[in-house]
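*Asks:* What follows is the residue order along each chain.
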Amino acid sequence: ILNVEQSPQSLHVQEGDSTNFTCSFPSSNFYALHWYRWETAKSPEALFVMTLNGDEKKKGRISATLNTKEGYSYLYIKGSQPEDSATYLCAFYFHSGAGSYQLTFGKGTKLSVIP
Amino acid sequence: KAGVTQTPRYLIKTRGQQVTLSCSPISGHRSVSWYQQTPGQGLQFLFEYFSETQRNKGNFPGRFSGRQFSNSRSEMNVSTLELGDSALYLCASSLDSPDTGFTDTQYFGPGTRLTVL
Numbered sequence: 009i010l011n012v013e014q015s016p017q018s019l020h021v022q023e024g025d026s027t028n029f030t031c032s033f034p035s036s037n038f039y040a041l042h043w044y045r046w047e048t049a050k051s052p053e054a055l056f057v058m059t060l061n062g063d064e065k066k067k068g069r070i071s072a073t074l075n076t077k078e079g080y081s082y083l084y085i086k087g088s089q090p091e092d093s094a095t096y097l098c099a100f101y102f103h104s105g106a107g108s109y110q111l112t113f114g115k116g117t118k119l120s121v122i123p
Numbered sequence: 142k143a144g145v146t147q148t149p150r151y152l153i154k155t156r157g158q159q160v161t162l163s164c165s166p167i168s169g170h171r172s173v174s175w176y177q178q179t180p181g182q183g184l185q186f187l188f189e190y191f192s193e194t195q196r197n198k199g200n201f202p203g204r205f206s207g208r209q210f211s212n213s214r215s216e217m218n219v220s221t222l223e224l225g226d227s228a229l230y231l232c233a234s235s236l237d238s239p240d241t242g243f244t245d246t247q248y249f250g251p252g253t254r255l256t257v258l
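In order, the protein sequence lines correspond to chains X and R.
Per my numbering, residue 9 is the first one in the first sequence, and the count goes up by one each step.
Per my numbering, residue 142 is the first one in the second sequence, and the count goes up by one each step.
Excised from the complex, chain X in its bound form (with noise of 0.2 Å):
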């Protein structure tokens, strides 16, 4: 099992304030990383699917970069709302031998977002 840590745990920020995560990840064996959303009593949203190093992806207010060669990707979000308030995953997907892929996902970074 491949660990996979996301950085920090936990995150209050005034509306308005611009912030960021981490992902950390092995960097052998890659095959994608997706970021998600994960609001409380609902279902996981996908934010992004990335699979190349250099990738840059943007969604409204939301942005990811990923580097596969030094293992860790980086989430931001420019003026958080409240509404941004959720626990944020990453999941690392590689290749584990023989054609088949395995996927680990970190802990989640839960962001709260004060009015």
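These are computed hints drawn from the structure, not numbers from a lab.
Among these hints, one or two may not hold up.
[What the hints assert, rightly or not] Here are the computed lysine-lysine pairs in the DSBU-like style, where the Cα-Cα straight-line distance is at most 35 Å:
(1) Lys154/R <-> Lys66/X
(2) Lys118/X <-> Lys66/X
(3) Lys67/X <-> Lys50/X
(4) Lys65/X <-> Lys198/R
(5) Lys65/X <-> Lys118/X
(6) Lys67/X <-> Lys115/X
(7) Lys115/X <-> Lys65/X
(8) Lys50/X <-> Lys65/X
(9) Lys154/R <-> Lys65/X
(10) Lys86/X <-> Lys66/X
(11) Lys86/X <-> Lys65/X
(12) Lys154/R <-> Lys50/X
(13) Lys115/X <-> Lys50/X
(14) Lys66/X <-> Lys198/R
(15) Lys198/R <-> Lys115/X
(16) Lys65/X <-> Lys77/X
(17) Lys154/R <-> Lys115/X
(18) Lys50/X <-> Lys198/R
(19) Lys67/X <-> Lys118/X
(20) Lys86/X <-> Lys118/X
(21) Lys86/X <-> Lys115/X
(22) Lys77/X <-> Lys198/R
(23) Lys86/X <-> Lys50/X
(24) Lys67/X <-> Lys198/R
The structure displayed is predicted, hence computed values, not measured ones.
Chain R: place on chain X using the hints.
*Replies:* Only chain R this time, still in chain X's reference frame:
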């Protein structure tokens, strides 16, 4: 387009019993993945099915099994339930292709909350 649906939403079983959970993917999606969410272990990958074949598998014991039907609907079965199997079981569907998996956006269902007494 209807989203991913899972039935039942809640289930209570006793140790030693077996359970079957169902997942209907978004129309046109051929990949269905199953996940287990527990407070202690977080979200863990169980397996992925594509075109009625198990394509990828996580590190769960053989008591956890699944299958996919020709209409892409999938079922997950847990035999000989243990207390530790109490969890939220999520399924997700995606388009994906025969040659690759997990490179398309995954859409999650609402989950089935299983309680084992």
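*Asks:* If you draw a straight line from the CA of Lys86/X to the CA of Lys65/X, is it 35 Å or shorter?
*Replies:* Answer holds: Lys86/X to Lys65/X is near 14 Å, not above 35 Å.
*Asks:* Does Lys50/X sit within 35 Å of Lys86/X, going by the straight-line distance between their CA atoms?
*Replies:* The hint holds at about 23 Å.
*Asks:* Please work out if Lys118/X and Lys66/X have their alpha carbons no farther apart than 35 Å.
*Replies:* holds (20 Å)
*Asks:* For the pair supplied as a hint, Lys66/X and Lys198/R, is the alpha-carbon distance within the 35 Å limit?
*Replies:* holds (31 Å)
*Asks:* For the pair we were handed, Lys67/X and Lys50/X, check the Cα-Cα distance against 35 Å.
*Replies:* With Cα atoms ~20 Å apart, Lys67/X and Lys50/X stay inside 35 Å; holds.
*Asks:* Is the Cα-Cα distance between Lys154/R and Lys65/X 35 Å or less?
*Replies:* violated (43 Å)
*Asks:* With a cut-off of 35 Å on the C-alpha distance, tell me whether Lys154/R and Lys66/X pass.
*Replies:* This hinted pair is violated, its Cα atoms lying about 43 Å apart.
*Asks:* Taken at face value, is the distance from the CA of Lys115/X to the CA of Lys198/R at most 35 Å?
*Replies:* Since the Cα atoms of Lys198/R and Lys115/X sit roughly 20 Å apart, the hinted pair holds (cutoff 35 Å).
*Asks:* Given the hint that Lys115/X pairs with Lys65/X, does the C-alpha gap stay at or below 35 Å?
*Replies:* This hinted pair holds, its Cα atoms lying about 22 Å apart.
*Asks:* Going straight from one Cα to the other, do Lys65/X and Lys198/R come out at no more than 35 Å?
*Replies:* Roughly 28 Å separates the two Cα atoms, so the pair holds.
*Asks:* Would the hint linking Lys67/X and Lys198/R be met if the CA-CA limit is 35 Å?
*Replies:* holds (31 Å)
*Asks:* Take the C-alpha atoms of Lys115/X and Lys50/X, compute the straight-line distance between them, and say whether it is at most 35 Å.
*Replies:* holds (17 Å)
Consistency with the previously given hints fails for numbers 1 and 9, ordered from lowest to highest.
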